[in-house]
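Knowing the structure of chain H, use the given hints to seat chains X and U on it.
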Amino acid sequence: MTTDAAKKKSNTKIMVQLGLLAASMIAFVFVGLVPMYNWICEVTGIGGRTTGPTTELITEIDESRDIRVQFMASAERDMPFEFRALDTRVQVHPGQQHTIHYRVTNTSDETRAVQAVPSLSPYRVTEHFHKIECFCFEETVLAPGESLDMPMIFYVDPRLPEDVSSIAMSYSLFNLPGYAQADIKEPN
Amino acid sequence: MLKRLRPFSLLAVVFTALMVASSGALAGWELNMRQGVTEISQEIYSLHMLMLYIVCIIGVLVFGVMFWAMFKYRKSKGAKPATWHENTRLEVLWTVIPLVILIGMAVPATVTLAKIYDTPDADITVKVNGYQWRWEYTYLADTPEEEVSFFSSLATPRFEIRGEAPRSEFYLLDVDNPLVIPANTPVKFLITANDVIHSWWVPDFGIKKDAVPGIINESHATVLEPGTYRGMCAELCGRDHAYMPIVVEVLEPEEFEQWLAEQRGDVAAAEQDDSVALTSAGQVRSFIQ
Amino acid sequence: MTAIPHDDHAHHGPATGLWRWVVTTNHKDIGAMYLWFSFAMFLLGGAFAMVIRAELFQPGFSLVEPEFFNQMTTMHGLIMVFGAVMPAFVGLANYMIPLMIGAPDMALPRLNNLSFWILPFAFLILVSTLFMAGGGPNFGWTFYAPLSTTYGPPSTVFFILAMHIMGASSIMGAINIIVTIWNMRAPGMTWMKMPLFVWTWLITAFLLIMVMPVLAGLITMMLLDITAQTSFFNAAGGGSPLLFQHLFWFFGHPEVYIMILPAFGIISAIIPAFARKPLFGYASMVYATAAIAILSFFVWAHHMFTVGMPFAAQLFFMISTMIIAVPTGVKVFNWVATMIGGSMTFEVPMLFAIAFVVLFTIGGFSGLMLAIAPVDYQYHDTYFVVAHFHYVLVPGAVFSIMAGVYYWLPKWTGHMFHEGLAKVHFWMSFIGVNVAFFPQHFLGLAGMPRRIPDYPLQFANFNMISSMGAFLFGLSQLLFMFIVIKCVMGGKKAEAKPWEGAEGLEWDLPSPLPYHTFETPPKIK
Numbered sequence: 001m002t003t004d005a006a007k008k009k010s011n012t013k014i015m016v017q018l019g020l021l022a023a024s025m026i027a028f029v030f031v032g033l034v035p036m037y038n039w040i041c042e043v044t045g046i047g048g049r050t051t052g053p054t055t056e057l058i059t060e061i062d063e064s065r066d067i068r069v070q071f072m073a074s075a076e077r078d079m080p081f082e083f084r085a086l087d088t089r090v091q092v093h094p095g096q097q098h099t100i101h102y103r104v105t106n107t108s109d110e111t112r113a114v115q116a117v118p119s120l121s122p123y124r125v126t127e128h129f130h131k132i133e134c135f136c137f138e139e140t141v142l143a144p145g146e147s148l149d150m151p152m153i154f155y156v157d158p159r160l161p162e163d164v165s166s167i168a169m170s171y172s173l174f175n176l177p178g179y180a181q182a183d184i185k186e187p188n
Numbered sequence: 001m002l003k004r005l006r007p008f009s010l011l012a013v014v015f016t017a018l019m020v021a022s023s024g025a026l027a028g029w030e031l032n033m034r035q036g037v038t039e040i041s042q043e044i045y046s047l048h049m050l051m052l053y054i055v056c057i058i059g060v061l062v063f064g065v066m067f068w069a070m071f072k073y074r075k076s077k078g079a080k081p082a083t084w085h086e087n088t089r090l091e092v093l094w095t096v097i098p099l100v101i102l103i104g105m106a107v108p109a110t111v112t113l114a115k116i117y118d119t120p121d122a123d124i125t126v127k128v129n130g131y132q133w134r135w136e137y138t139y140l141a142d143t144p145e146e147e148v149s150f151f152s153s154l155a156t157p158r159f160e161i162r163g164e165a166p167r168s169e170f171y172l173l174d175v176d177n178p179l180v181i182p183a184n185t186p187v188k189f190l191i192t193a194n195d196v197i198h199s200w201w202v203p204d205f206g207i208k209k210d211a212v213p214g215i216i217n218e219s220h221a222t223v224l225e226p227g228t229y230r231g232m233c234a235e236l237c238g239r240d241h242a243y244m245p246i247v248v249e250v251l252e253p254e255e256f257e258q259w260l261a262e263q264r265g266d267v268a269a270a271e272q273d274d275s276v277a278l279t280s281a282g283q284v285r286s287f288i289q
Numbered sequence: 001m002t003a004i005p006h007d008d009h010a011h012h013g014p015a016t017g018l019w020r021w022v023v024t025t026n027h028k029d030i031g032a033m034y035l036w037f038s039f040a041m042f043l044l045g046g047a048f049a050m051v052i053r054a055e056l057f058q059p060g061f062s063l064v065e066p067e068f069f070n071q072m073t074t075m076h077g078l079i080m081v082f083g084a085v086m087p088a089f090v091g092l093a094n095y096m097i098p099l100m101i102g103a104p105d106m107a108l109p110r111l112n113n114l115s116f117w118i119l120p121f122a123f124l125i126l127v128s129t130l131f132m133a134g135g136g137p138n139f140g141w142t143f144y145a146p147l148s149t150t151y152g153p154p155s156t157v158f159f160i161l162a163m164h165i166m167g168a169s170s171i172m173g174a175i176n177i178i179v180t181i182w183n184m185r186a187p188g189m190t191w192m193k194m195p196l197f198v199w200t201w202l203i204t205a206f207l208l209i210m211v212m213p214v215l216a217g218l219i220t221m222m223l224l225d226i227t228a229q230t231s232f233f234n235a236a237g238g239g240s241p242l243l244f245q246h247l248f249w250f251f252g253h254p255e256v257y258i259m260i261l262p263a264f265g266i267i268s269a270i271i272p273a274f275a276r277k278p279l280f281g282y283a284s285m286v287y288a289t290a291a292i293a294i295l296s297f298f299v300w301a302h303h304m305f306t307v308g309m310p311f312a313a314q315l316f317f318m319i320s321t322m323i324i325a326v327p328t329g330v331k332v333f334n335w336v337a338t339m340i341g342g343s344m345t346f347e348v349p350m351l352f353a354i355a356f357v358v359l360f361t362i363g364g365f366s367g368l369m370l371a372i373a374p375v376d377y378q379y380h381d382t383y384f385v386v387a388h389f390h391y392v393l394v395p396g397a398v399f400s401i402m403a404g405v406y407y408w409l410p411k412w413t414g415h416m417f418h419e420g421l422a423k424v425h426f427w428m429s430f431i432g433v434n435v436a437f438f439p440q441h442f443l444g445l446a447g448m449p450r451r452i453p454d455y456p457l458q459f460a461n462f463n464m465i466s467s468m469g470a471f472l473f474g475l476s477q478l479l480f481m482f483i484v485i486k487c488v489m490g491g492k493k494a495e496a497k498p499w500e501g502a503e504g505l506e507w508d509l510p511s512p513l514p515y516h517t518f519e520t521p522p523k524i525k
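Chains as they are written, first to last, in UniProt numbering: chain H, 1 to 188; chain X, 1 to 289; chain U, 1 to 525.
Looking at chain H on its own, in the form it has when it is part of the complex:
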């Protein structure tokens, strides 16, 4: 009988250990896999997700190279917004700063909050595309009929891979999640 009791006790012990393993796997998803994904995206540029403005400045301009940068805009389905790039194409030398503009217009009759999400292609240029000023991931509140020209200042890193001669950049406009759109008051 004593061996049975011992066996039962060790059964419980293994059960608890395995239960902890399962629980730690759940935790691992949140504190391990998700940050790991974001980190990998940042390093490899998967998804073309660029980060916010940079502070690093490069003064040297590589005039031997001409890079074509194209700009696109899209708005989420059913959004009462006009969103477009005012400059659709620029030629730049690596290291050279450029300013381009996007225009967003609220065509509805209520105040709305939106946010633009950037994406770059091909992905491997992501780490070489620096924004000095941008409106990405910024909450923008627009009154009915209000129109706003948003500038983006950028430069391309001279370390851009040799075989890249054109870059495409896209901004997607989304309704800001978590906002009941009707509840938004006047912009600050």
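Since the hints were made in silico from the structure, they are not lab data.
Here are the simulated DSS-like pairs of lysine-lysine, each with C-alpha atoms no more than 25 Å apart in a straight line: (1) H/K8 with U/K193; (2) U/K423 with X/K75; (3) U/K423 with X/K77; (4) U/K423 with U/K492.
For the chain H half of the interface with chain X, some residues (derived, Cβ under 7 Å), not all of them: (5) S74; (6) T88; (7) S172.
We treat Cβ as the ideally placed atom computed from N, Cα and C, and that holds for glycine.
Structure of chains X and U alone, referenced to chain H:
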């Protein structure tokens, strides 16, 4: 005996039904991947055939040995069971041989993959935007005014889908405004989506790329022959997933230039008429009224 | 009188009446309930498949609207994976593992009862979503965001609840199986003496404990995105729909092996039994199973070659996926080598096992082709993929379960099943499966995307053939039910060891099995 016959009589039923089905005289017996009209798609096709031959040969060998064993070592033929159950040399052998075969498969696959990633400098860039349930094509240009943009939606009428009229040849593969691109010219596709994930697939180009909201994906094609090429959305995107086909009209470069100029002219003319409705995206126009 | 204390009051057999099944902690009762439950789900998921194939019999809307069609494909997938295949394997594990290792019962009998009894509620919730406003889940069994989050039907929260319960049930079942194998083996039952079914289940249970929590985390994030406005998968708030796919397949690929590793164990029991020769390469079978399980954590992105990835990532996932062919090949070669030099007979379990080896290998071949990233651009999300995973799961996992049921049915019931009817069942299933799924390879290569309720005319012929095969396969499962019920009710008396070449502790016990077995541990040779 009856038990033995049953499967075969069922097969007979199946084949009779097949005959009935095929009497509709449709070109409905396509078996294999299309070779396509780009260098990449043709390379993918050869790679596919290579893989197919390799697995068929392995299959014939393995199943051949198995059926031979099943025939030779049956109890009814008086086979006495052996007791051996290990042979390290044999086991190492059939771990190493598959590895060698796999390397033989991986090398050409890597070469093709590298070729797909080695993108040419494209003169024409088309933005492909997936919507529930249609595609929007935008020809990027130097200035916003020169951009040409339109929606491409299913043209198969509802009554054909409902079966109230005979179905046309390109049932579910016809759109109102096809994408038009030039032949023998590198074209870049920038693919994204506006709501859920779609997938832009033209089998003849060897391109299938997911259209993901908030992200742009890139694909390239240099089409070798003018013609009309058709595909379908390849990622479940909701109710009408089956009803957002892709049609690409490939023209000779001069014809394409003319077509594009016409579109730009039309857009300019239409703006003067003030008759073109702006959509939410601001610059989206339909070029065929 | 050496049983675990709580068993003492039930020594003379089970309680009577329906209540017995609610409170039972007996591994045979619970195993049987798992098996019946999974069979009910198999028929329900099969009925949904019949709706799908009926709609696809011809082009056009013939039967159901696309919205309902999408719910059918989703429910068919979810119910077959989580309701039919997984519980069937858990049922077999419950029934057979204590017998195979000489244990009196599972290690944690009350947990066992709980992990079964929450399962019917999970599926009740899942199926009830079909009747809710907006319909049930309609986003495919892979439920990619944002189709399932921002654009999902209101019933999605109930879908998430049901998935959570299923996950909890699986994790508890897996914990129980590991503890049982770890701690309850009879003296002398060393690791390398365990039957392969026990080995494969031990590895499977570890996979379950590792990845079911990932699924739980994933659907929790979905729930937060839907109800609490977080942005894990919502591009609008800086999240990424691609994160969803990475997490899903990090769970999803090991999940695929969860559904096939126990099948390897069953087949490794049956082929030696009917070849009357010991399994070839027992040790390499164990290592191959472990290798497959470990590799399964490094291949997930081969499900998403078309989402846009750097070259190096594509190459890595292509190569890692191809490597899985090596241990899988070892298994197939070992089974063939077991047959060589044997003295074979072809009773029904053996027929299913041989069909398994051939058809699973065909599924493996198409899997190898799908691993080749550049070619996958053409295969991805077409009927070629549908054909591939149905070859792996139907004549793979499902045939192995049927083989196992026929193999152990005389032991469970004490009666022999009707051999003639069972052979008819086998041939109908075999022909049905091939007629249903082989033409789908052609459809996929010719360019038919998956999950569409209607298709261009060039796909009409093979779809009609495929539907007819599916109807035949569906019909033959009713025959299976009849054969099993008939065998439970009566039939020729089964001996303790009805199969001449069968090996294992379970065959030392009388048929039918007494309610309590191995209360005194058996002597292991």
